[in-house]
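Asker: Residue 63 is where the sequence shown starts when you use the numbering used here, and the numbers rise one by one after that.
Accuracy of the hints is not assured; some may be wrong.
Quick list of simulated restraints, FRET-style, between CB atoms [stated by the list, open to error]:
id: 1; residue 1: G135; residue 2: R209; range: 52 to 62 Å
id: 2; residue 1: R197; residue 2: I144; range: 51 to 61 Å
id: 3; residue 1: V164; residue 2: E207; range: 40 to 50 Å
id: 4; residue 1: K155; residue 2: S71; range: 24 to 34 Å
id: 5; residue 1: R200; residue 2: E178; range: 30 to 40 Å
id: 6; residue 1: L201; residue 2: K165; range: 45 to 55 Å
id: 7; residue 1: Q234; residue 2: E172; range: 20 to 30 Å
Treat the hints as calculated values from the structure; they're not laboratory data.
Where is the CB? At the ideal position from N, CA and C, for every residue including glycine.
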Amino acid sequence: MQHLKNIKSGNPKTKEQYQLTKNFDVIWLYTEDGKNWYEEVNNFQDDTIKIVYDENNIIVAITKDASTLNPEGFSVVEVPDITANRRADDSGKWMFKDGAVVKRIYTADEQQQQAESQKAALLSEAESVIQPLERAVRLNMATDEERTRLEAWERYSVLVSRADTANPEWPQKPE
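Could you put the whole structure together from the sequences, leaning on the hints where they help?
Answerer: What follows is the structure, given as structure tokens:
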């Protein structure tokens, strides 16, 4: 099975390649060990999955047909077409690590970024509930139930805003 690493663009190496570049602006792609992508693409087997992954081993594309890929700046590996490999997708939540397709392992910084995004989403949701309830209170139109809901959502919003995204513990959403 093929494994072509760190594919980068490079200069044409033959007269024919030079003419193709001159006439058609062909970009030549080479692996870190000097293999020509356009020659190697024909060596992939038809019954395998081709995975493109980045320098952090994160899967960025998956296909059965390697000729559809533009792998510039990435690596391409061929894996068996089995259930475990078919589960992966190019959502950024999968990796090719130690010769296997695995769920992505997030760094502490990435986990904190995800928590920051979740915090922002939770606060936005809380605000969308709080605003009409505040308006009802301000206009003396709120029911007792609405006043109770407003207080619960405001408390929730404060607790979410205080959550430590390095080690988040999210409060329970109000009913």
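Asker: Starting from the range 51 to 61 Å, see whether the pair R197 and I144 falls in it by beta-carbon distance.
Answerer: 56 Å, holds
Asker: For the hint 24 to 34 Å, verify it against the beta carbon of K155 and that of S71.
Answerer: 29 Å, holds
Asker: Verify the CB-CB distance for G135 and R209 against the hinted window 52 to 62 Å.
Answerer: Because 57 Å falls inside the window, the suggested range holds.
Asker: Take the C-beta atom of R200 and the C-beta atom of E178, compute their distance, and say whether it sits inside 30 to 40 Å.
Answerer: 31 Å, holds
Asker: I want to verify a distance hint. Is the separation of the beta carbons of Q234 and E172 within 20 to 30 Å?
Answerer: Holds, at about 26 Å.
Asker: Is it true that V164 and E207 lie within 40 to 50 Å of each other by Cβ?
Answerer: 48 Å, holds
Asker: Look at the Cβ atoms of L201 and K165 and judge whether their distance stays inside 45 to 55 Å.
Answerer: For K165 against L201, whose Cβ atoms are near 50 Å apart, the range 45 to 55 Å holds.
Checked against the numbered hints above, the structure violates none of them.
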